[in-house]
Amino acid sequence: MSAEKEFTTQESLQLISQMISKAKDDYIETGVSALMWGAIITFCSLVALFKYLFFPKWEWVNAVWWLTFLGVIPQIVIARRERKQRKYRGHDDQLRGGVWISFGAAMILMNYFLLRYNFPQPIAVYLVLYGIPTFAIGFGRRFRPMIIGGIACWVFAILSSITPDPWTLLYLAGGAQLAWFIPGLILRKRYLKVKTKNV
Amino acid sequence: MFKDLNPILHSQLRLAVISVLISVKEAEFTFLREKTNATAGNLSVQINKLKEAGYIDVSKQFKDNYPQTICKITPQGVVAFEQYVKDLQSYLDIKK
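The listed protein sequences correspond, in order, to chains X and L.
By the count of this note's numbering, the first sequence reaches residue 199 at its end, each step adding exactly one.
By the count of this note's numbering, the second sequence reaches residue 1096 at its end, each step adding exactly one.
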């Protein structure tokens, strides 16, 4: 690209939209975090459901939920690596970071209160919480799969309040799939497509 | 014909740089080079012109022991870019 080449108004507008679209190509998430959390929550929910249905006395199986805490370690590694590889910072990076950090803090606090006060419908509370960052990020980014995922979490939260245990765990798995795993797959596909295009 | 268009922005490479910078909060020099397909020397000269005009901020830092140049559009640059796009649109309206 040369600096002083003569160009028309049409070419100017074309160049502006072309460059904005090129910059946006890089403004796509890898989808790895969403896929990981979608998979972890789905796995834990289904294992817990399996335990309640077939081996209700195997209390040790409940330890599977520790995976949700262990998942924070690869999440930090992924976030650090992605930040290191990126050659730009987006306008909403900080805001998105803040949303996810407050979600993490809310989850820890909610776990503490739910255990302390033995809340009768914990899954409904988790689903309400899952929906907040998912909907907020999807709405902010105009990314429909996350908007739908966020709303689905809230609908599942209502349904879980009228569904007997342990079937409510299916809503948790469904919420994780719709809020994170499926949007993660879509993001991953887009990311790989753009990466291949740019090679 | 283009006498009213901002001469700093009405240049292919400088306009490309500003268009990329308006889309992000800040970008590394290498990112701008990738997106504009310009040579390092040419891009460096044009970035300096934009900096002198007050349209972008350029800062240098180290990342993993390597020097890194970060460019960021200034509020003045945003105003100039918006005015440039308005001027372009008015030209196109006159043509119609």
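Fair warning: there could be bad hints in the mix.
[Stated by the list, open to error] 30 Å max Cα-Cα, derived DSS-like pairs, lysine-lysine:
no.	chain 1	residue 1	chain 2	residue 2
1	X	Lys195	L	Lys1025
2	L	Lys1025	X	Lys197
3	L	Lys1086	X	Lys24
4	L	Lys1063	X	Lys87
5	X	Lys195	L	Lys1060
6	L	Lys1060	L	Lys1072
7	L	Lys1063	X	Lys51
8	X	Lys22	L	Lys1051
9	X	Lys87	L	Lys1072
10	X	Lys189	X	Lys84
11	L	Lys1086	L	Lys1025
12	X	Lys87	L	Lys1049
13	L	Lys1051	L	Lys1063
14	X	Lys22	L	Lys1060
15	X	Lys87	L	Lys1025
16	L	Lys1049	L	Lys1072
17	L	Lys1051	L	Lys1086
18	L	Lys1060	X	Lys87
19	X	Lys197	X	Lys87
20	L	Lys1063	L	Lys1025
21	L	Lys1049	L	Lys1025
22	L	Lys1086	X	Lys193
23	X	Lys84	X	Lys195
24	X	Lys193	L	Lys1051
25	X	Lys193	X	Lys87
Simulated from the structure, these hints should not be mistaken for lab results.
What's the verdict on Lys1049 of chain L and Lys1025 of chain L, does the C-alpha distance respect the 30 Å limit or exceed it?
With Cα atoms ~20 Å apart, Lys1049 of chain L and Lys1025 of chain L stay inside 30 Å; holds.
Just to be careful, I want the Cα atoms of Lys1051 of chain L and Lys1063 of chain L compared with a cutoff of 30 Å; is the pair within it?
22 Å, holds
Holds or violated: are the alpha carbons of Lys1063 of chain L and Lys1025 of chain L at most 30 Å from each other?
18 Å, holds
Mind checking the alpha carbons of Lys1063 of chain L and Lys51 of chain X for me, to see if they're no more than 30 Å apart?
49 Å, violated
Between the alpha carbons of Lys1063 of chain L and Lys87 of chain X, is the straight-line distance 30 Å or under?
11 Å, holds
30 Å Cα cutoff - pair Lys1060 of chain L, Lys87 of chain X:
Holds, at about 14 Å.
30 Å limit on alpha-carbon distance, applied to hinted pair Lys87 of chain X and Lys1072 of chain L
12 Å, holds
For Lys1086 of chain L and Lys1025 of chain L, compute the direct alpha-carbon distance and say whether it is at most 30 Å.
This hinted pair holds, its Cα atoms lying about 22 Å apart.
Holds or violated: are the alpha carbons of Lys1051 of chain L and Lys1086 of chain L at most 30 Å from each other?
Holds, at roughly 22 Å.
Pair hint outcome, Lys22 of chain X versus Lys1060 of chain L [Cα-Cα no greater than 30 Å]:
Cα-Cα ~24 Å, so holds.
Against the 30 Å threshold, does the CA-CA distance of Lys1086 of chain L and Lys193 of chain X hold or violate the hint?
34 Å, violated
Take the C-alpha atoms of Lys1060 of chain L and Lys1072 of chain L, compute the straight-line distance between them, and say whether it is at most 30 Å.
12 Å, holds
Of the numbered hints listed earlier, those contradicted by the structure are 7, 22 and 24.
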